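A.B. asks: Sequence:
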Amino acid sequence: MFCSTCGDERLFEQPPCSDGHGEDCPERACTACGTAILIGLPVAPPAILGHAPPSTQAPPAASSPRRTSDERAVA
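Take the sequence shown: its position 18, counted from the start at 1, is 15 in the numbering used here, and no numbers get skipped.
For the record, the hints were derived by calculation from the structure and aren't laboratory data. This structure is a prediction, so every number in the text was calculated from the model and none was measured. No residue lacks a Cβ here, since even glycine has one placed at the ideal position from N, Cα and C. Any given hint might turn out to be false.
As the list claims (entries may be wrong) - Just the calculated beta-carbon pair ranges, DEER-fashion:
1. D21 <-> F(-1): 19 to 29 Å
2. D5 <-> G37: 19 to 29 Å
3. E20 <-> I45: 26 to 36 Å
4. I45 <-> C3: 16 to 26 Å
5. P12 <-> I45: 27 to 37 Å
6. G17 <-> L38: 36 to 46 Å
The whole structure should be built from the sequences, with the hints applied where relevant.
C.D. replies: Take a look at the structure:
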């Protein structure tokens, strides 16, 4: 893997995990300088979709005239 501190490809090893992850620990350390990196995707809770609170919503847009399917826009 690339080590940003060394500026080159280096070997990385998995140090003992103090967080209890065991073999699934995402932390690796550069064997040359000791810089720690995390590998894999972060685990995040799923996003909650919904509407923003009323105080942060944009005001409704002013209504504009709509064209019918027969009308064409002219530049």
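A.B. asks: Looking back at the hints listed earlier, which ones does the structure fail to meet?
C.D. replies: Numbers 4, 6, in rising order.
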